[in-house]
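Once you have looked at the hints, place chain B on chain A.
Quick note, the sequences are listed as chains A and B, same order.
So the first sequence is numbered by the working numbering: it starts at 1 and just counts up by one.
So the second sequence is numbered by the working numbering: it starts at 1 and just counts up by one.
Keep in mind that the hints are not guaranteed to be accurate.
[As the list claims (entries may be wrong)] Calculated cross-link-like contacts (lysine-lysine; reagent style DSS-like; alpha-carbon spacing at most 25 Å):
hint, chain 1, residue 1, chain 2, residue 2
1, B, Lys89, A, Lys290
2, A, Lys257, A, Lys202
3, A, Lys322, B, Lys102
4, B, Lys89, A, Lys216
5, B, Lys102, A, Lys290
6, A, Lys220, B, Lys89
7, A, Lys322, B, Lys55
8, B, Lys134, A, Lys112
9, A, Lys51, A, Lys89
10, B, Lys55, B, Lys132
11, B, Lys132, A, Lys322
12, A, Lys257, A, Lys212
13, B, Lys55, A, Lys112
14, A, Lys290, A, Lys219
15, B, Lys56, A, Lys322
16, B, Lys89, A, Lys219
17, A, Lys322, B, Lys134
18, A, Lys112, B, Lys132
19, B, Lys89, B, Lys132
20, B, Lys89, A, Lys322
21, B, Lys89, B, Lys56
[As the list claims (entries may be wrong)] Distance ranges between label pairs, derived from CB positions:
hint, chain 1, residue 1, chain 2, residue 2, range
22, B, Glu2, A, Gly19, 49 to 59 Å
23, B, Asn13, A, Gly19, 50 to 60 Å
24, B, His67, A, Lys193, 45 to 55 Å
25, A, Pro134, B, Asp70, 53 to 63 Å
26, A, Ala47, B, Glu127, 58 to 68 Å
27, A, Ile115, B, Arg38, 39 to 49 Å
28, A, Glu200, B, Arg38, 30 to 40 Å
29, A, Asp229, B, Met28, 55 to 65 Å
30, A, Val182, B, Asn13, 48 to 58 Å
31, B, Gly129, A, Lys216, 35 to 45 Å
None of these hints come from the bench; they were simulated from the model.
For glycine and all other residues, C-beta sits at the position ideal for the given N, C-alpha and C.
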Amino acid sequence: MEGSKAKLKLAVYWASACGGCCVSVLDVHEKLFDVIAAADLVFWPIALDIKYHDVEEMPDQHIDLTLFNGAVRNSENEHMARLLRKKSKILVAYGSCSHLGGIPGLANFSTKEDILNRVFIESESVVNPENILPQPEYEVKEGVLNLPEFFNDVRSLAQVVDVDYFIPGCPPQTERLLEVFVAVVSGAELPPKGSVIGAETKTQCDECIRKKTENKRIKKFYRPWEITDDGYSCFMEQGVICMGPATRAGCGYRCIKGNAPCRGCYGPPAGVTDPGAKMMSAIASIIDEKEPEEISRVLEDVVDPAGLFYRFSLPVSLIRRKII
Amino acid sequence: MEFTPRIIAFLCNWCSYTGADLAGTSRMEYKSNVRSVRVMCSGRIEPTFVLEAFKKGADGVLICGCHPGDCHYQEGNYRCLRRFLLLQKYIRQMGIETERLKLEWISASEGKQFAELVNSFTETITELGPCKIKETMQILT
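In isolation and in its complexed conformation, chain A is listed as follows (with noise of 0.2 Å):
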C-alpha cells in the first residue's frame, strides 16, 4: 500500500471448488462493512462481474492479497493461478482444495480416462451414442472453440505456482479469516512466508473438548451411524475413528461439536508431512488385539483407509495419486 489512506486491493477466486470457500468470505455478515472500509474488492467471480481479461489487463502486483480456494483440475485452474500470483502480493491458499488439494483431490484415485468415460460414456444418464468426449479445440464454421483441458492429476496451488500463506478448512472459518484480514490491514508483522496460518500448530486431541482417558483399547471400530454416541467420550474410545489424531486444531471444533468425529480437513499438525501416514500409525496403536487374524478382523471394519484417511490431502501426500 502507498500512502496511510489507500485502500488494500483483495480478490477471491475459486478454481476446482464447490464455493463453500466463497460462501465462507460471505459469512463475515455485517462486518463485510468493515472489509469493504478497508479494502476494495478487484475480483471475486462468485460475486462480482469481474472478467479475466480484466485482472490480466491489471499491472503486476496490483492486488494487495488474493485469497485463491479450489485445486487446480484442468488448464483454467492452472491459467489463473499462474495470473494471480504474477498479479498480487500476497497469494494465499484458502480452504483444504487449494492447500491440499481436498476432496476434488479424491479424483487421484483414477485417471483422466477412467472420468471421462465414467461420465460421459458409461453413466447411466448419458445418451451418448456417437461416444463424444469433450475436446480442448473444436473447429465449427464460425471458428474455433476451446475448452479447458483436463488434467489427469488434481494439484494443489503451492504444486502449480509459489504460495505465500495456507489458511486451512473445509471452509476455513470466517473468524479466523477475519483475524488474517485485520492483520494485513493494521500492517501488523505478518508470519514467515510458507506459513500455515488462521490455525493452531497442534493437533484437534491436544485440547479437543471430549473426555479422553490413557484407555484406548480397541477390538471394534465402529461407523458413527452403528453406535450410539454418550455425547461426551473421546471418539476413538468408543471406536468411532476420529482423524484428530492426525489433524492441526483451530477449527473450534465445529464437526465435535455437532457430535460429528473430526474428518480432517484442517490437514497435518506442524512438522508433519503425510496426515494419512500418521492415522494409521494412531489406528494400529489403539487396536487391542495380537494375533494376525485378530488384527485383520479389527482392520475389517476399516473399509477404505486410502480414501478415509487421506479424504482431503492425496495429491500432497507421499502417494500424491494411485499408481497407473
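Quick look at chain B alone, frame taken from chain A:
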C-alpha cells in the same frame, strides 16, 4: 539391462539387526540388494518411513523385528504388526503390489534365516519387476 531391485530393510536393533550381523560374521552369502536401516525397535517404524522408501524408489520394503513376546520394549513388535497389516491394505488401494512389503520376525540367532529371507524376497521382487511409483509421481498434468 537386467533389473536389480533396490530393497530397503528396517531392522530392529535387538534381534533382527543382530541376526543380520550374525549372517555376516558367519560368512553366509546373500543377495546384496538389501540396504539395511537399523532402528531401535520395529515399533519405531512409522508408516511414513515405508511410504517414503517407496516414493524414493525402493522396489521392496522389508521389516524385521523380534519374535512375538520377545520385544525388548514388550509391545513394539505388536504395534509394528498392526501397522503392517493396515499398510498392506492401504498400499493395495494405491496400486502397489502387497508382495512388495514384507514383515518377518528374525531373532538374534537367526542369521541363516535372515540370509534366506533376503534371497527369497529379492527373488520375489525381481519377478515383480520395478515398482512404478517413482514414474507415476513424476507425471503431473
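Evaluated hints:
1. With a C-alpha separation of about 18 Å, the suggested pair Lys89 of chain B and Lys290 of chain A falls inside the 25 Å cut-off, and the hint holds.
2. The suggested pairing of Lys257 of chain A with Lys202 of chain A holds, with an alpha-carbon distance near 19 Å, which does not exceed 25 Å.
3. Annotation: proposed proximity of Lys322 of chain A to Lys102 of chain B holds, straight-line Cα distance about 20 Å (limit 25 Å).
4. Between Lys89 of chain B and Lys216 of chain A the alpha-carbon distance is near 22 Å, which keeps this suggested pair within the 25 Å criterion.
5. Between Lys102 of chain B and Lys290 of chain A, the direct Cα distance comes to roughly 18 Å. Compliance with the 25 Å bound is thereby established for this hinted pair.
6. Of the pairs offered as hints, the one joining Lys220 of chain A and Lys89 of chain B holds, with about 17 Å between alpha carbons and a cut-off of 25 Å not exceeded.
7. Of the supplied pair hints, the one linking Lys322 of chain A and Lys55 of chain B holds, its CA atoms being roughly 12 Å apart against a limit of 25 Å.
8. As the CA atoms of Lys134 of chain B and Lys112 of chain A are separated by approximately 19 Å, the hinted pair is consistent with the 25 Å bound.
9. Our distance criterion of 25 Å between C-alpha atoms is met by Lys51 of chain A and Lys89 of chain A, whose separation comes to about 20 Å.
10. Of the pairs offered as hints, the one joining Lys55 of chain B and Lys132 of chain B holds, with about 10 Å between alpha carbons and a cut-off of 25 Å not exceeded.
11. Simply put, Lys132 of chain B and Lys322 of chain A have alpha-carbon atoms about 10 Å apart, close enough for the 25 Å limit, and the pair holds.
12. With a CA separation close to 15 Å, the supplied pair Lys257 of chain A and Lys212 of chain A stays within the 25 Å bound.
13. Between Lys55 of chain B and Lys112 of chain A the alpha-carbon distance is near 22 Å, which keeps this suggested pair within the 25 Å criterion.
14. Taking the CA atoms of Lys290 of chain A and Lys219 of chain A, the gap is near 11 Å; set against the 25 Å cutoff, the hint holds.
15. The suggested pairing of Lys56 of chain B with Lys322 of chain A holds, with an alpha-carbon distance near 16 Å, which does not exceed 25 Å.
16. Of the pairs offered as hints, the one joining Lys89 of chain B and Lys219 of chain A holds, with about 18 Å between alpha carbons and a cut-off of 25 Å not exceeded.
17. Between the alpha carbons of Lys322 of chain A and Lys134 of chain B the distance comes to roughly 12 Å, so the proposed pair stays at or under 25 Å and holds.
18. Between Lys112 of chain A and Lys132 of chain B the CA atoms are separated by roughly 18 Å; this keeps the pair inside 25 Å, and the hint holds.
19. Simply put, Lys89 of chain B and Lys132 of chain B have alpha-carbon atoms about 18 Å apart, close enough for the 25 Å limit, and the pair holds.
20. In summary, the hint linking Lys89 of chain B to Lys322 of chain A is supported, as the alpha carbons are separated by about 13 Å, within the 25 Å threshold.
21. A hinted pair counts as satisfied when its Cα atoms are at most 25 Å apart, and Lys89 of chain B with Lys56 of chain B qualifies at roughly 20 Å.
22. In this structure the supplied range 49 to 59 Å holds for Glu2 of chain B paired with Gly19 of chain A, their Cβ-Cβ distance being about 54 Å.
23. The supplied range of 50 to 60 Å is met by Asn13 of chain B and Gly19 of chain A, whose beta-carbon atoms lie about 53 Å from each other.
24. His67 of chain B and Lys193 of chain A have their C-beta atoms about 50 Å apart, which keeps the hinted 45 to 55 Å range intact.
25. Checked against the hint of 53 to 63 Å, the pair Pro134 of chain A and Asp70 of chain B passes, with Cβ atoms roughly 60 Å apart.
26. For the pair Ala47 of chain A and Glu127 of chain B, the supplied restraint of 58 to 68 Å holds, since their beta-carbon distance comes to about 59 Å.
27. As the Cβ distance of Ile115 of chain A to Arg38 of chain B is approximately 44 Å, the hint placing it in 39 to 49 Å holds.
28. The hint said 30 to 40 Å for the Cβ distance between Glu200 of chain A and Arg38 of chain B, and at roughly 35 Å that hint holds.
29. Distance hint for Asp229 of chain A and Met28 of chain B: a CB-CB separation of about 56 Å, consistent with the stated range 55 to 65 Å.
30. Distance hint check for Val182 of chain A and Asn13 of chain B: the Cβ-Cβ separation is about 52 Å, which falls inside the suggested range of 48 to 58 Å.
31. Checked against the given bound of 35 to 45 Å, the beta carbons of Gly129 of chain B and Lys216 of chain A, roughly 41 Å apart, stay inside it.
The structure is consistent with each of the numbered hints, conforming to all of them.
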